[in-house]
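Novice: Residue numbers (this note's numbering), protein chains in the order written: chain A, 1 to 803; chain B, 1 to 223.
Worth flagging that the hints you see were computed from the coordinates, not collected in a lab.
The model shown is predicted, which means the values in this text are computed figures rather than measured ones.
There may be inaccurate statements among the hints.
[To be verified] Quick list of the computed label-pair ranges, beta carbon to beta carbon:
id	chain 1	residue 1	chain 2	residue 2	range
1	B	Pro195	A	Asn489	18 to 24 Å
2	A	Pro506	B	Ala93	50 to 56 Å
3	A	Ser753	B	Arg92	57 to 63 Å
4	B	Arg25	A	Arg656	51 to 57 Å
5	A	Ala407	B	Arg92	30 to 36 Å
6	A	Glu749	B	Ala42	45 to 51 Å
7	B	Arg25	A	Glu749	54 to 60 Å
8	A	Glu575	B	Pro220	49 to 55 Å
[Said to hold, decoys possible] From the derived model, a few chain B residues whose C-beta atoms are all more than 10 Å from chain A:
id	residue
9	Thr145
10	Arg158
11	Pro196
Yeah, the Cβ is synthetic: ideal placement off N, Cα and C, and Gly gets one too.
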Amino acid sequence: MIDLPGPITTWFAERGWRLRRHQAEMIAAARRGDDALLVAATGAGKTLAGFLASIAELIEKPDFDGLHTLYISPLKALAVDVQRNLLEPIQDMGLDIRVETRTGDTPSNRKARQRTQPPQMLLTTPESLSLLLSYPEAEAMFAGLRTIIVDEIHAFAPTKRGDLLSLAMARLQALSPQLRRVALTATVRDPDGFRGWLSSDGDYEGVTLVEGEPGAKANIRILLPEDRVPWSGHSGRYAARQVMEEIAAHKLTLVFCNTRGLAELIFQDLWAENDGNLPIAVHHGSLSVEARRKVEGAMARGDLRGLVCTASLDLGVDWGDVDLVVQMGAPKGSSRLLQRIGRANHRLDEASEAIIVPGNRFEYLEARAALDAVAEGELDPDIWRSGGLDVLAQHVMAVACAAPFSADDLYREVRTAAPYALLTRETFDAVLHFVESGGYALRAYDKYRRITRGGDGLWRISHPRFAAQHRLNAGIIVDAPVLDVRFRNGRKLGTVEEYFASTLRPGDSFSFAGVPLEVVGVKDADLLVKATAKPARIPTYVGARMPLTTNLSRRVRHFLHEPDAWQRFPQDVREWLQMQRLRSVLPAPDELLVETFPRDDRHYMIAYSFEGWNAHQSLGMLITRRMETQGLSPLGFVSNDYALACYSLKPVTDPRPLFSADILEDELVEWIQTSALLKRAFREVAVIGGLIERHIPGKRKTGRQVTFSTDLIYDVLRKYEPDHMLLNAAWEDAKGKLTDIGRLADLLERAPSTMVHQRLDRISPLAVPIMVLIGRESVASGTVEDEILAEAERLAAEAMRPG
Amino acid sequence: MVPLSFAGQDLIPLPDGALWWPARRALLLADLHLEKASWFAAHGQMLPPYDSLKTLQDLAVLVDRHAAGEVWCLGDSFHDKAGSDRLSRDARALLLDLTARTEWTWITGNHDPMATTGRVWGGRVMVEAGIGGLLLRHEAEASETRPELSGHFHPKLRLRGRGRGVSRRCFVVSDRKIILPAFGALTGGLDAAAPPIMRAMGPGAANAIIPTAEKLLSFPLAA
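Go ahead and model the full structure; you've got the sequences and the hints to work with.
Specialist: Okay, here's the thing in structure tokens:
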């Protein structure tokens, strides 16, 4: 039994609670001085488990002076959670421990005071920590730091925010060698990967693994009104009435949607069915902070019955008495589904209740696959990547702003951060040169250096204003350019992306925050609106779509080939698959089925590749280009997570050459380099790396603040310095994140040996869900900009034609 | 190449953003903004130091392709007063070559009071010019009644189609005025329908014109 200070044992005893096993193990690890990773389901007293050892230490050393524990959360809205999980226990134990938060919203006088007189516990975000490290006071402030606690590590370790945090931890370890690292995570597939990430020396075995008690199995069902699944769609909108009935039958329901646009649509649908006028609301990342806080507050007070939300609620919302989670559309991954379900019911001994509403027949199969995966405890693979060079550049600048540094020492230190363990000295020096003067081969900017190496061999910033600029611009999240949505009285509702706004004219209406709005006009960076009764469009968001994970994709393929599994399916899904077997074939799990058939003077080719929408979009561009070269006159393609459909004036007689692996060598590289994907990635690395600034002192902060077109910079750089560090960084990003190149490559490599080509005289049952997308989401063959412009001109001419 | 009939002249808007006047064998360009990148570098943003070279190389290609005899730069040729001193060696050589083999005119703009430019780089310097019945100046004057060609605003058209956005430099054209897009490699843009442009165009219908390889695309701009 762990020996704990009196106030803690009394606190547990008064509540009739016992110290849970994982909490005891966390304290034991702390007493040994070991780093520790806690893997536990939501609601297992996880946050407190992270803090208990620090609380005990501060009880034992009441006169500990300075910062003892740093807590890092991916969320800015720490206050509510922390109140419940930390401040209340401390207060109830009657302890005098000083706890403060620090985020972008903290007043600047308090921030300044925190640097010289830090609290004993500081709760902050990776970005705010990185900024703190850029101040000269950092050395003194962190010299005595004992513990860093990283919460929800699963959510950001493999991202750029994780890179930034990992670098910051390396810096902290150098400032305070006795620092102990602790992390908390939801259930993950690869705990050792996270232990390695957390480790200060690359040895995962040095990080104690503590596993929480497993919660009760979730009670998940698939909702099918009248036991039927639609042919098409991907939102589950048809089930609005049934979802509303479920909301009425529960205390508080979270309705998760896969995109912001869908959340707006579903909210409208539910509202239309809300005969009982139940209080329901919508929550997503484009709404203003105030609007989101208001909804969160209403939820915490128990004033809401239903909340339609997106990934914006995926993380750490541990307030509100949620007793049902509804997933609209397919879940796309088993881990995400589990984490969302974990939002319902925080008591471990009770089963969480959840409902999935599949949008179409493939999504039904996917939902079934996700349920099986959850039942078998199979989680999505954790995908690790090496650290971004843009993030490293930002970190190097932060270090320079705090104090002069030696390049040799910093290189050694950076390599102790797991994402940068394999960083070569050559690449590090390139990053240093980039921070110094842009990293160009042509040394045109030597007189404008931001950092310079002194006679003592140390690098330092060449002017204090560069430190001010850095602190203003640092950060990892680069938003698409946006406009604020405001009423004429100035009240802000949130933001819409600039490209969506540019399609609106005064008098147009769109739905936002669940309210139909009419456009009054655009003023500076504001889209002025008023409430309206007109029917409204839904905003479009550029945000990347979550692809189907590989494990769910594998399970769906197996379903197709195993008629025994169909007994569980509703009748119309069974008939659909039986008819497909009769009319065409059902591919074996390792086969690539390609069907070709004519219809209405056109010829169609459908490839059932199951590699996710992102990979299929890339493939569609490449295949239609090859069809063009072969003279097949392609007209366009559409894709979903499961299949790709190309249509043309002439038939594809042999699909094999279209899918040959050499596509990867030439066309793919060429296509990506000229594509919008890479330009978007470049914009992000240019901002994060500090090449361009998004904020100018005294100006309002919006995505538009980027003062010049990064596309133009990209074009110039690609022409004159194609090996520039930032282009490589953008390429790495685009490759991994945006186009699922790996999955595409696997698919094309397998294609020649696994392809089964079915020539049909008419459309097959399996083809219907993708065929109905044609026309609705049409992308013509060459998506060259000229064509889009010409099409826009034709439409404008048509609309403007008098009479 | 599709000509645009303007004030009795055939003018050809080129996809690169220049205006080609076949009858005079003249190329007209606005807002080169040479050395914009190095101006930002001096202020801490290390943009690629190749913008002047890119702009001048693009211009040289046009001069060669059309065998241009005259080049008219409609102002803001350098990003700032000192820009002229910062040109790289390659860019200098190219600029001197261009002004030597064409009849080159610098119209002065708000960014570059160019008293000395002509002496250093060749060509002549004018505040405004009237040629072939057309008035050339840097910034359009709304009250101007004569046919006028100008720059200054960097007009650009943003559109959305097939699920993605397209943004392109454009000409803004009415029956009395043409505003040219910026030619400089790193020059951004202002929405063609933005109020300052509409005010400068004065009364009357205006269109945004985007030249593509096959045709001129024309988009009516709401006044």
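Novice: Each hint: holds or not?
Specialist: Verification of the hints:
no. : hint                               : result
1   : B:Pro195 with A:Asn489: 18 to 24 Å : 22 Å, holds
2   : A:Pro506 with B:Ala93: 50 to 56 Å  : 51 Å, holds
3   : A:Ser753 with B:Arg92: 57 to 63 Å  : 59 Å, holds
4   : B:Arg25 with A:Arg656: 51 to 57 Å  : 54 Å, holds
5   : A:Ala407 with B:Arg92: 30 to 36 Å  : 35 Å, holds
6   : A:Glu749 with B:Ala42: 45 to 51 Å  : 50 Å, holds
7   : B:Arg25 with A:Glu749: 54 to 60 Å  : 56 Å, holds
8   : A:Glu575 with B:Pro220: 49 to 55 Å : 53 Å, holds
9   : Thr145                             : 28 Å, holds
10  : Arg158                             : 5 Å, violated
11  : Pro196                             : 13 Å, holds
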